[in-house]
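Novice: Letter by letter, the chains look like this.
There are 2 protein chains.
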Amino acid sequence: MSEQGVTAPKGFVAAGLAAGIKASGNKDMALVVNEGPEFTATGVFTRNRIVASPVKLSRKALASGELKAVVYNAGNANACNGAQGDADAATVVTHAAEKLGMDFGDVAACSTGIIGEPLPVAKLLAGVDGLVENLGDNGHEAAESIMTTDTVSKEAIVKGEGWSIGAMGKGVGMMAPSLATMLVCLTTDASVTAEVAHEALEKACAVTFNTLDIDGSTSTNDTVILMANGASGITPSVEDFEAAVLSACASIADQLQADAEGVTKRVRITVSGTTTDEQALNAARTLGRDNLFKCAMFGSDPNWGRVLAAVGMADADMDPDNISVYFNDHAVCLKSGGTPDAREVDLSGADIDVKVDLGTGGPGTAFVRTTDLSYAYVEINSAYST
Amino acid sequence: MSEQGVTAPKGFVAAGLAAGIKASGNKDMALVVNEGPEFTATGVFTRNRIVASPVKLSRKALASGELKAVVYNAGNANACNGAQGDADAATVVTHAAEKLGMDFGDVAACSTGIIGEPLPVAKLLAGVDGLVENLGDNGHEAAESIMTTDTVSKEAIVKGEGWSIGAMGKGVGMMAPSLATMLVCLTTDASVTAEVAHEALEKACAVTFNTLDIDGSTSTNDTVILMANGASGITPSVEDFEAAVLSACASIADQLQADAEGVTKRVRITVSGTTTDEQALNAARTLGRDNLFKCAMFGSDPNWGRVLAAVGMADADMDPDNISVYFNDHAVCLKSGGTPDAREVDLSGADIDVKVDLGTGGPGTAFVRTTDLSYAYVEINSAYST
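Top to bottom, those sequences are chains A and B. Just so we're aligned, residue 445 is where the first sequence starts under our numbering, counting upward by one. Just so we're aligned, residue 445 is where the second sequence starts under our numbering, counting upward by one.
Okay, chain A solo, but in the shape it has when bound (with noise of 0.2 Å):
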């Protein structure tokens, strides 16, 4: 894109550079700065109970509801390394709060890559000075410098009027596992409250990042960050502030499914007919997670019995008898048994949509993304530390 993403909103700064993590030689570090007036800020976090030094230090600086800038590196997760990865990653943050004239409480840090290798804190503090040093309109240079296994940068940004939030993101499951990652960064120049930035990162992740289930597999280092400056003057509505940052998360998570290494399919699955959003989110992952499901997805071959084994496992309300499956909206199973022609629907396209009706006519709904399960995938994920 032409335009920067993080930061295309006034009051944001970025930098990204090689430091020498990466054995590639890639860029691999990157720094966001809010320059205020603001400084209000709140994350979303992984749900792994196996976090990495760097989530833990992130979710310390937010509590206070307010950041001025975030350090990234790729290439190194820190994650698994004990006390000494907690150490490490804030000899990172207390120099880059240095440099920038910061406290400690108002950097936060994320970190991508192998879990369990010791940080290589000598290259992150050379990195922090280069960055430091170069910061400014570099949002693209920002989104670049946090890829792994990424083919492209992920970048977004959403206008309002007269304000705007930018975006950057990288990563997702099924790309490669301790590189897996994902890392989102947004900013805005609209005056927002912590509560209602909070609020909004929530119901977006919720129908975004989180509808992404690739393989049920959930990094220790998931971060997603927003940070609010105010710079704009302009204090939008909550419902077009919502609005917005639901635009910006969805806009990336369709980048982080397209860019899908080792995926041929992408696979949207919508449960309904069940008592509850719950149970129907349950089924959902459950047939997304079901890697014969998946394989028959890679093969394009419509064997809706694999659906029907697969949700009958779910913890969800269901009639076993009144299930249907709808493949790009062909009927290929009714009242739970196949259809004449369910052989016949074509499913050769890279887009794949499923509909399942559990049959209770309850309310229940929810949508979840997945993906295929190729051989690229096993290749992929087989020989990577080594």
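Hint data in this document are derived by calculation from the structure and do not stem from the laboratory. Only a predicted model underlies this, so the values are computations on that prediction, with no experimental measurement involved. The reader is advised that the hints may include incorrect statements.
Which copy is meant is left open, so a pair is good if it fits within one copy or across any two.
When the alpha-carbon atoms are kept at most 20 Å apart in a straight line, the in silico EDC-like pairs for lysine to aspartate or glutamate are as follows [claimed, not checked]:
no., residue 1, residue 2
1, K603, D684
2, K454, E686
3, K504, E605
4, K647, D797
5, K500, D763
6, K504, D765
7, K647, D721
8, K799, E585
9, K500, D765
10, K779, D530
11, K500, D547
Got chain A; can you put chain B on it based on the hints?
Specialist: Chain B in isolation, oriented as in the chain A frame:
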């Protein structure tokens, strides 16, 4: 094996033949008959809520605690065929009961094969005729006739003092999805009550078949049936009987895991250090189903970070800073951090032992068996129904 499995105990006869259900022309129907004098029987069925027609029928037949015969077919699961499927299963069983001079409720049915294809009833009825004519000491032929993608038949014999248990089994999750059904038949000439039989079978299944967790998928047709006829005139102690049932189930479970198509590694996972056994099982299953972990096993890659990332998502008490991981008894992660020689452990063999201690000091432990995720798994499972 030279000895016949299900016909090894006194008073059981069996037959197997090709009825034309499989396109290959291989044997695809079997019949196991209990000649008495007692007809004690019990069963354990799939936990899936989408159940095949023969499962519904067999559950009803076993409600009385007695059974005289089981009709098996391979190549068609008779699942998700609606009311027609139920009627077709009943038609086959009605015919078998007539030919055998039994009542309808004396005969159970087990099917394995593709889901959602109408049962070729005429072929099965003719098959029943042939089976009844050929009943005899044909346990091995029966075991061959229930195979789908199994490469070898599975049988077991356990001898008590003057009594014995015979067994046959087929299938397992990783082999070929909709064909993945696990069917097991156990016969014994011991004289036991339905309660003793059921308790013994439940206990044995819990630590054998239920610890086989290959891809998290559960068939619509899984059935384990135990028939006891007292023909030996001996009533073993409950302890001896339970030990023998466990031994027979363990043997079949080992054979199922060993015959896993598309699998290059057999992985044994033990989880300890959490509050309850159930929590430990949650963690072991979560790890055993994690595709990133399974791909690492395929690549002989000691990427222990994936173990922590996986168990961190499990519903189990843990100390996130005190988790230990051992590959083949080599410590690769202690106190949630990597050991200096973690990458040096040799995982090139076909068997990999993984031990995870969740670090709470609690007494909960669990064990599951799984496999790697290989190219062949994807190949076998991506083009099945068409």
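Novice: One pair to classify: K603 and D684, alpha carbons no more than 20 Å apart. Within, between, both, or neither?
Specialist: within (10 Å within a copy, 76 Å between copies)
Novice: Go through the copies and call it for K779 and D530: within, between, both or neither, with a Cα cutoff of 20 Å.
Specialist: between (55 Å within a copy, 14 Å between copies)
Novice: Can you give me the call for K454 and E686, within, between, both or neither, at a CA distance of at most 20 Å?
Specialist: Within. Shortest intra-copy distance 19 Å satisfies the 20 Å Cα cut-off; inter-copy 74 Å does not.
Novice: Is the C-alpha distance from K500 to D765 at most 20 Å within one copy, between copies, in both cases, or in neither?
Specialist: Answer is between; shortest inter-copy Cα gap is 12 Å, intra-copy 48 Å.
Novice: Measure nothing new, just compare the shortest in-copy and cross-copy C-alpha distances for K799 and E585 to 20 Å and report within, between, both or neither.
Specialist: neither (40 Å within a copy, 43 Å between copies)
Novice: Using 20 Å as the alpha carbon limit, work out where K504 and E605 are close: within a copy, between copies, both or neither.
Specialist: neither (33 Å within a copy, 68 Å between copies)
Novice: Within a copy, between copies, both or neither: where do K504 and D765 come within 20 Å Cα-Cα?
Specialist: between (50 Å within a copy, 18 Å between copies)
Novice: Evaluate K647 and D721 at a C-alpha cut-off of 20 Å and name the case that applies: within, between, both or neither.
Specialist: Answer is within: at 15 Å inside a copy they meet the 20 Å cutoff, but 36 Å across does not.
Novice: At 20 Å max between alpha carbons, let me know whether K500 reaches D763 within a copy, between copies, both or neither.
Specialist: between (44 Å within a copy, 15 Å between copies)
Novice: Treating 20 Å as the Cα threshold, decide for K500 and D547: within, between, both or neither.
Specialist: within (17 Å within a copy, 67 Å between copies)
Novice: I want to check one pair: K647 and D797. Are their C-alpha atoms no more than 20 Å apart within a copy, between two copies, both, or neither?
Specialist: neither (24 Å within a copy, 42 Å between copies)
The structure fails to meet hints 3, 4, 8 from the earlier list, while all remaining hints are met.
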